[in-house]
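Student: Note that the protein sequences, when read in sequence, are chains E and R. For the first sequence, this note's numbering begins at 1 and goes up steadily by one. For the second sequence, this note's numbering begins at 1 and goes up steadily by one.
For the record, the hints were derived by calculation from the structure and aren't laboratory data. Since this is a predicted model, take the numbers as computed values, not measurements. Just to be clear, a hint being listed does not mean it is correct.
[Said to hold, decoys possible] Straight line, CA to CA, 30 Å or less: simulated BS3-like cross-link-like pairs of lysine-lysine:
hint, chain 1, residue 1, chain 2, residue 2
1, R, Lys90, E, Lys479
2, E, Lys55, E, Lys368
3, E, Lys180, E, Lys55
4, R, Lys87, E, Lys55
5, R, Lys90, E, Lys490
6, E, Lys490, E, Lys368
7, E, Lys180, R, Lys90
8, E, Lys286, R, Lys90
9, E, Lys180, R, Lys87
10, E, Lys180, E, Lys362
11, R, Lys87, E, Lys362
12, R, Lys90, E, Lys470
13, E, Lys479, E, Lys368
14, E, Lys479, E, Lys490
15, E, Lys470, E, Lys362
16, R, Lys90, E, Lys362
17, E, Lys286, E, Lys180
18, E, Lys490, E, Lys362
19, E, Lys490, E, Lys470
20, E, Lys470, R, Lys87
21, E, Lys286, E, Lys362
22, E, Lys362, E, Lys479
[Unchecked claim] Label pairs and their computed distance ranges (CB to CB):
hint, chain 1, residue 1, chain 2, residue 2, range
23, E, Gln175, R, Phe4, 46 to 52 Å
24, R, Met1, E, Leu192, 57 to 63 Å
25, R, Phe4, E, Ile282, 26 to 32 Å
26, E, Val208, R, Lys87, 51 to 57 Å
27, E, Met454, R, Val59, 14 to 20 Å
28, E, Pro392, R, Ile62, 47 to 53 Å
The beta-carbon is built from N, C-alpha and C at its ideal position, and this holds for glycine as well.
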Amino acid sequence: MNIAQLVAASVVAAANSPESTAAGVSFQEFIIQASYLAASVLFILGLKGLTNPAKARQGMQLAAIGMLVAVLGTLLHHDIITYGWIAAGMILGAVIGAAISIWMPMTAVPQRTAISHAFGALAATMVGIAHFHEPDHPPGSVEMTALGFEVLFGSLTITGSFMAFGKLQGFIPSQPITYKGQNASNISLFALAFLLFIFLIFNPDPAVTPSTSVVFYLMAVIGLAVGVLIVLPIGGADMPVVISLLNSYAGLASSATGFALQNNVLIIAGALDGASGFLLSILMSKAMNRSFTNVLFGAFGGGEGPAGAAVSTEGLTVHSISVDDAALQLAYARLVIVVPGYGMAVAQAQHQVRELAELIEKRGGEVKYAIHPVAGRMPGHMNVLLAEANVPYDRLYDMEDINHEFGRADVALIIGANDVVNPAARNDRSSPIFGMPILNADQAQRIIVLKRSMNPGFSGIENELFYNSKTSLLFGDAKSSLTQLVGAVKNA
Amino acid sequence: MTAFLQMYVFVLAGFVGYQVITRVPPLLHTPLMSATNAISGISLVGSIVIAGKGGDHMVSTILGFVAVTAAMINVVGGFMITDRMLKMFKRQEPKK
């Protein structure tokens, strides 16, 4: 039903596109529009495939065919005179894209995703600038609105995504970088870009208003600056929200390109991307019990004073445990729930986790994985890592589906996770993470925490779970601890 | 009027996207992101037209070339990586 409406709308819009008014629709134009229509439908079917893990690959193949059809159709466009630069760009892009996707380790998925948003936004911005620089006809206000969105969203997404990439890759410190007056200066800079945008809408034609050119490029430069500044204060744990938000912006920039070029398949694909990123940002924010504005302007753990120091852990002691004792508990457990976090990704310990799980299963125990929506650095990060290590996906449980099972778990094994199991989210009103939904790891009979050291996690918030009398800590690198555990369980 | 029809397309597509994507399980959120990223590489079609203008449109041609390259990285990389990830998601083999 929805798809039918959409198709109807596309056809109407296609029939009204300016090329068709002069001498009816040429055969060429008909083929191009038909290929775009086919691509739009195939894209939606492709995304629909992702609702079912068993059909997802087929679905994405449909989407890839859609892309091929749209590109082939476009090559017939009557404005195209030379194919040299097109071929060069396509070959270069294909080689780079293929090289990244073949050789990139799965642990680098968040970085790759972040930088891909920068590429998408770069394409949209370049097209926008080309369109402004050498217009086919003097731009009007409506067209300038589209161009302005394209270039403003595009430019801030380019640098914002690059910053996110840098933080994830580690060449920019992942701690929030904050300074006095940061929010005020960011907001005024963004407001300035917005004012320039308004000016452009009312003075769209550089031939009439010479300053329009200057204002246009100034807006693009401010967009680039805003992208850098807005990601500076964002720390690693907030990355899932930021990556989703940038995903949405990259989509909106593509959509704006479609508006400017009067190209419906661009509008549709951009809208799909924008909707997806928007939805994921909402889900991630909810999973952290924070609003967008709070993520963007609330620089977790920096600048705002010691709000996180509310839980006093002074005088409390932690119980450390030896590998052999931990192995014994795991070996005789009937149900073990593994709670993976970013620490598992950093240590690249997912293969050892799977090995340990297989041993426990061989001894008759059951192993389930509890995945918090914001565990890791992007939506679904833990799922991909565990799938890479050959953990069957029916063992991976979302928070709502597993939380009631912790009560009957003999052991909750926490690997490099912290905030997502912090009971302060439930019962400490003064905690910065109060209200965030958490995994009920504290309800398990025993809790074993694999941890590097007692340094509080990224957010700087103490975790009282670690001081719980049921909790034992196994200090050390997650990977080597797990390797030792595997050895010890074998002998148990 | 064209702008209005474009808004129709945008709003309806966004709506369809929202409805479909709501039903994507969190399990596949990472592949979803790389998939939508590949799909939005469709800005390739806009870039192609600009890179092929030829003649005295040298600035457009260069900008178009950069845009084609960037979009193509997303299209090829996006679809390939999504497939690589989806291939890894397996159900448990039935117990013997």
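Student: If you draw a straight line from the CA of Lys90 (chain R) to the CA of Lys362 (chain E), is it 30 Å or shorter?
Tutor: holds, 20 Å
Student: For the hint 26 to 32 Å, verify it against the beta carbon of Phe4 (chain R) and that of Ile282 (chain E).
Tutor: holds, 28 Å
Student: Verify the CB-CB distance for Met454 (chain E) and Val59 (chain R) against the hinted window 14 to 20 Å.
Tutor: violated, 58 Å
Student: Could one say that the CB atoms of Pro392 (chain E) and Ile62 (chain R) fall in the range 47 to 53 Å?
Tutor: At roughly 50 Å between Cβ atoms, Ile62 (chain R) and Pro392 (chain E) fall inside 47 to 53 Å, so the hint holds.
Student: Below or equal to 30 Å on CA atoms is what counts here, so check Lys490 (chain E) against Lys470 (chain E).
Tutor: holds, 24 Å
Student: Mind checking the alpha carbons of Lys470 (chain E) and Lys87 (chain R) for me, to see if they're no more than 30 Å apart?
Tutor: Violated - the C-alpha atoms of Lys87 (chain R) and Lys470 (chain E) are around 39 Å apart, more than 30 Å.
Student: Lys87 (chain R) and Lys362 (chain E) were given as a pair; does the straight-line alpha-carbon distance stay at or below 30 Å?
Tutor: OK: Lys87 (chain R) and Lys362 (chain E) at ~26 Å, within 30 Å.
Student: Given the hinted pair Lys470 (chain E) and Lys362 (chain E), is their alpha-carbon gap at most 30 Å?
Tutor: holds, 26 Å
Student: Under the criterion that the straight-line Cα-Cα distance not exceed 30 Å, is the pair Lys362 (chain E), Lys479 (chain E) satisfied?
Tutor: Holds: Lys362 (chain E) and Lys479 (chain E) sit about 21 Å apart, inside 30 Å.
Student: Holds or violated: Lys90 (chain R) with Lys479 (chain E), Cα cutoff 30 Å?
Tutor: Given that 30 Å is the threshold and the Cα spacing comes to 24 Å, the pair holds.
Student: Given the proposed pairing of Lys90 (chain R) with Lys470 (chain E), does the C-alpha separation stay at or below 30 Å?
Tutor: Answer violated: Lys90 (chain R) to Lys470 (chain E) is near 34 Å, above 30 Å.
Student: Is it true that the CA of Lys180 (chain E) sits at most 30 Å from the CA of Lys90 (chain R)?
Tutor: At roughly 50 Å apart (the allowed maximum being 30 Å), Lys90 (chain R) and Lys180 (chain E) break the hint.
Checked against the numbered hints above, the structure breaks hints 3, 7, 9, 10, 12, 20, 21, 24, 27 and satisfies the rest.
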